[in-house]
Amino acid sequence: MAWTVRALAETLGLEFTGDGATELARVASVEQAGPDCLTFVSRPSFLESLAETRAGAVILAPAHAERAHCAVLLAENPYAAYARAAQLLHPARVRPSGIHCSAIVDAGVRLADSVSIGPGAVVEEGAEIGPGAVISARAFVGAGARIGAESRLGEGSIVCHGCEVGRACTVQPGAVIGADGFGFARDGDAWVKIPQIGRVVIGDGVEIGANTTIDRGALDDTVIGDGVILDNQIQIAHNVRIGDHTAMAGCVGVAGSAVIGRRCTVGGAAVILGHLEIVDDVHITAMSLVTKSITLAGTYSSGTPLESNAEWRRNAARFRQLDTLARRVNALEKNKPGEES
Amino acid sequence: MAWTVRALAETLGLEFTGDGATELARVASVEQAGPDCLTFVSRPSFLESLAETRAGAVILAPAHAERAHCAVLLAENPYAAYARAAQLLHPARVRPSGIHCSAIVDAGVRLADSVSIGPGAVVEEGAEIGPGAVISARAFVGAGARIGAESRLGEGSIVCHGCEVGRACTVQPGAVIGADGFGFARDGDAWVKIPQIGRVVIGDGVEIGANTTIDRGALDDTVIGDGVILDNQIQIAHNVRIGDHTAMAGCVGVAGSAVIGRRCTVGGAAVILGHLEIVDDVHITAMSLVTKSITLAGTYSSGTPLESNAEWRRNAARFRQLDTLARRVNALEKNKPGEES
Amino acid sequence: MAWTVRALAETLGLEFTGDGATELARVASVEQAGPDCLTFVSRPSFLESLAETRAGAVILAPAHAERAHCAVLLAENPYAAYARAAQLLHPARVRPSGIHCSAIVDAGVRLADSVSIGPGAVVEEGAEIGPGAVISARAFVGAGARIGAESRLGEGSIVCHGCEVGRACTVQPGAVIGADGFGFARDGDAWVKIPQIGRVVIGDGVEIGANTTIDRGALDDTVIGDGVILDNQIQIAHNVRIGDHTAMAGCVGVAGSAVIGRRCTVGGAAVILGHLEIVDDVHITAMSLVTKSITLAGTYSSGTPLESNAEWRRNAARFRQLDTLARRVNALEKNKPGEES
Chain C
0 MAWTVRALAE
10 TLGLEFTGDG
20 ATELARVASV
30 EQAGPDCLTF
40 VSRPSFLESL
50 AETRAGAVIL
60 APAHAERAHC
70 AVLLAENPYA
80 AYARAAQLLH
90 PARVRPSGIH
100 CSAIVDAGVR
110 LADSVSIGPG
120 AVVEEGAEIG
130 PGAVISARAF
140 VGAGARIGAE
150 SRLGEGSIVC
160 HGCEVGRACT
170 VQPGAVIGAD
180 GFGFARDGDA
190 WVKIPQIGRV
200 VIGDGVEIGA
210 NTTIDRGALD
220 DTVIGDGVIL
230 DNQIQIAHNV
240 RIGDHTAMAG
250 CVGVAGSAVI
260 GRRCTVGGAA
270 VILGHLEIVD
280 DVHITAMSLV
290 TKSITLAGTY
300 SSGTPLESNA
310 EWRRNAARFR
320 QLDTLARRVN
330 ALEKNKPGEE
340 S
Chain H
0 MAWTVRALAE
10 TLGLEFTGDG
20 ATELARVASV
30 EQAGPDCLTF
40 VSRPSFLESL
50 AETRAGAVIL
60 APAHAERAHC
70 AVLLAENPYA
80 AYARAAQLLH
90 PARVRPSGIH
100 CSAIVDAGVR
110 LADSVSIGPG
120 AVVEEGAEIG
130 PGAVISARAF
140 VGAGARIGAE
150 SRLGEGSIVC
160 HGCEVGRACT
170 VQPGAVIGAD
180 GFGFARDGDA
190 WVKIPQIGRV
200 VIGDGVEIGA
210 NTTIDRGALD
220 DTVIGDGVIL
230 DNQIQIAHNV
240 RIGDHTAMAG
250 CVGVAGSAVI
260 GRRCTVGGAA
270 VILGHLEIVD
280 DVHITAMSLV
290 TKSITLAGTY
300 SSGTPLESNA
310 EWRRNAARFR
320 QLDTLARRVN
330 ALEKNKPGEE
340 S
Chain V
0 MAWTVRALAE
10 TLGLEFTGDG
20 ATELARVASV
30 EQAGPDCLTF
40 VSRPSFLESL
50 AETRAGAVIL
60 APAHAERAHC
70 AVLLAENPYA
80 AYARAAQLLH
90 PARVRPSGIH
100 CSAIVDAGVR
110 LADSVSIGPG
120 AVVEEGAEIG
130 PGAVISARAF
140 VGAGARIGAE
150 SRLGEGSIVC
160 HGCEVGRACT
170 VQPGAVIGAD
180 GFGFARDGDA
190 WVKIPQIGRV
200 VIGDGVEIGA
210 NTTIDRGALD
220 DTVIGDGVIL
230 DNQIQIAHNV
240 RIGDHTAMAG
250 CVGVAGSAVI
260 GRRCTVGGAA
270 VILGHLEIVD
280 DVHITAMSLV
290 TKSITLAGTY
300 SSGTPLESNA
310 EWRRNAARFR
320 QLDTLARRVN
330 ALEKNKPGEE
340 S
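Residue numbers (numbering that gives the first Met the number 0), protein chains in the order written: chain C, 0 to 340; chain H, 0 to 340; chain V, 0 to 340.
Only chain C is shown next, with the shape it has when bound in the complex (with noise of 0.2 angstroms):
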């Protein structure tokens, strides 16, 4: 889909330089970007790549719109403009609206206009489908379900019974958004399983990653705020609340009932037990576990360095000493050393 630089600049509501006939077809990175392509930088360690880009356009900050010997659209914040820009150069695949002839859809389901479901997918009884939304091949929707306006369901990802999806949501292949929580009561050996008869209710601009999982609530909810961005193998249990525009990466678990704040990040494979609260603008870095509640903004971590396997052996092993190694170092200091204080 080609834009030339004075569409894409009125469009995204940027200045310019250069030729605004210049026509792009797509975006690369400077290195590989040709004449028909838009790049942008945003980092003035990359600055010097620009001397030698072939690329038609780029997306730079006012302050070194003279680095570029090409077409310069101007934006305070060179990446955001950029991935505006390549969803103009770049939309999303086009799906016809309408019904495959294969998809099981039930008689009493509301479906709104230009709706596309996919082959094989099945949409139960009362679940409502709002204007634009596309239900990919082999998708669920549940009884009673709800999914809004422009939102996607990618292949083969399932909405359980009565879950909520908001408007302009991506929900990738495979994600499963209302199990049941994992809720069981002890009885002797055996454990009793708990109805899980909250629900799923997923806000505006929401990203779910591909093979994530979102428990349905025990009594109430589980609720993703507005703008959350889940990357893939994210497990979110039942009746945990996400503030807007939090992103986790991948293979992130959060457990039960844990509320996390607005604008917070979680590192990959970070985990967050339950029955604790973060506070918004919290970081909490990759793999790291978290096991209270954090109650200031800032970045938080656990774990140790990488070594070689030699040197982690040695230094490991001191680890299961390290409560008496500190004992030993305050016998040192009271003078009296290889007795314990």
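Hints were generated in silico from the structure; no laboratory data involved. Wrong hints could be hidden among the right ones.
Here's a subset of chain H near chain V, in silico, CB distances under 7 angstroms, partners left out [what the hints assert, rightly or not]:
{"#": "1", "residue": "PRO194"}
{"#": "2", "residue": "VAL270"}
{"#": "3", "residue": "VAL289"}
In this text, a Cβ means the ideal position worked out from N, Cα and C, and glycines have one as well.
Starting from the known structure of chain C, arrange chains H and V on it as the hints suggest.
Chains H and V only, in chain C's frame:
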């Protein structure tokens, strides 16, 4: 589904006090319960909240019965009684028995009475589905697999050829039971695949979480005991054996041929390496790594506590010097500061 | 599928001793093998078990051939020879070639000879399926995707539009290849999605585990080399490149743009951060976190060893004081107890 207090008490085999004619329509938390709600209190510290509840009835231990001003169901284990009462008030959605016209069921499949097979489900030749079992939309049952009475396969879940699921099991959506184990022999640079000819055999009353995977055995079977409960996104490798009533939280990984005892609990994202044995009643805390057999019941952990990233950086850097530090303390204790022992 | 010892030896290019007419129907462990079973011993420590085996034949290194009292297939690498023999004795289930009547295959799809497309599978326009490939029940092949000769897509697996799977690959059930990479630009509080226009390109002889996810590239492709083996529940982010014959155990996560060498092994639940490089022949132990490039072949680890929770609590508390402790030891070495260096 409304129940009177008296009917609930009789069905659950519990005594009650107060108005047995009180009608209960659903369960709710103590705070949110209305007059048609059943609630419960199990921890003494929550007893004070009873003063203000509007619940129609509450489940309490006999010792606390006088604390409520509504009908009381008396149970030694209020939480377990609550779970059972909730099952009665909120029964699983009834699925019409019969085979949906879009399901693909091989002619040679043995279907018991009252089986429900949903839209787009696939059941291959020689499979056996027990009475009252539910095969949800788009679920897959492979050739010769057996699904026990009253078990439910969630939407899009997969039970591969020859595997067995016991009675009254719940397999959540997207779970995969019986994919090939990860068995390869190294030959120079290359890996040669070893056919995985064992099965997965799952006991009775087992819960398998959404997108959880349980691999088939290499030669023998992978075995999941009765009453085991597995949360979402868990990986169980080939030839693992899990004892009855063991519970695993989300994102746990268990490597090949590990043998895990009964009544164990494994915290979220913990990993258990292969070819080791864990006795009964072992508890592993979240994100711990089990690298050796555990021969004594108890609770086990690994990892480091969460800190601010600034503090963590300082301490983690010292972890790499830990063996040296310990040697320096040895030297100090010998009154030879600075000299290594 | 029965083979004589002689036929197996000829097919595998191995010498044998003993009765070449011995008929073998299956493989089994040394302990459980009967007269129609083939077994193997590769580790000298297991040679004693040969005295009591009832196996019809055993694969041994030539040096140990005299230890068996049954037929012996001689192989320098008994385990690899066993794997190949097991493939002959237990061939993958033959799928009838042809398209199941319930599969939805676009008119424009290019299907080679002997392709098998199972019930409920969906193959979109412009896809290409190579000779002998198997698309199992409910699998999905997106528009323009290519599946190489003799490759198998498991039940419910998903290969998104434009992605390529090489020859003789196995994609286990529930795997998702080619979902969008997790690419977003921050704009104030919000995240702006960056279209992911790259593909996933998978080499020959690759194994992809159940529910594993491999994201498509942002601009360039995500590339999986020949002979790579990936276990279940692995997450491979956009633009990752994995070298030939590298193996990853279950639950591993690899973040965006990481480049991993050839013949590496990555233990279960290890995490590799993004935009780093790992050379050939690196081995990462289970649950380690790789935060920097690794430029030297070898084995690497992070984490702390498992302890009883009581001991762990004491030691973990000291970890938070580790920098202070080290400073106190510095001070002691300067003979100024209590004073920080």
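May I ask you to test the interface hint for PRO194/H with respect to chain V, counting a Cβ-Cβ separation under 7 angstroms as satisfied? 4 angstroms, holds
Quick check on the hint: VAL289/H CB to chain V CB, less than 7 angstroms? Constraint on VAL289/H satisfied, holds at 6 angstroms.
Given VAL270/H as an interface hint, is the shortest Cβ-Cβ distance to chain V below 7 angstroms? Cβ of VAL270/H sits 5 angstroms from chain V, so the hint holds.
In this structure, none of the earlier numbered hints is contradicted; all agree with it.
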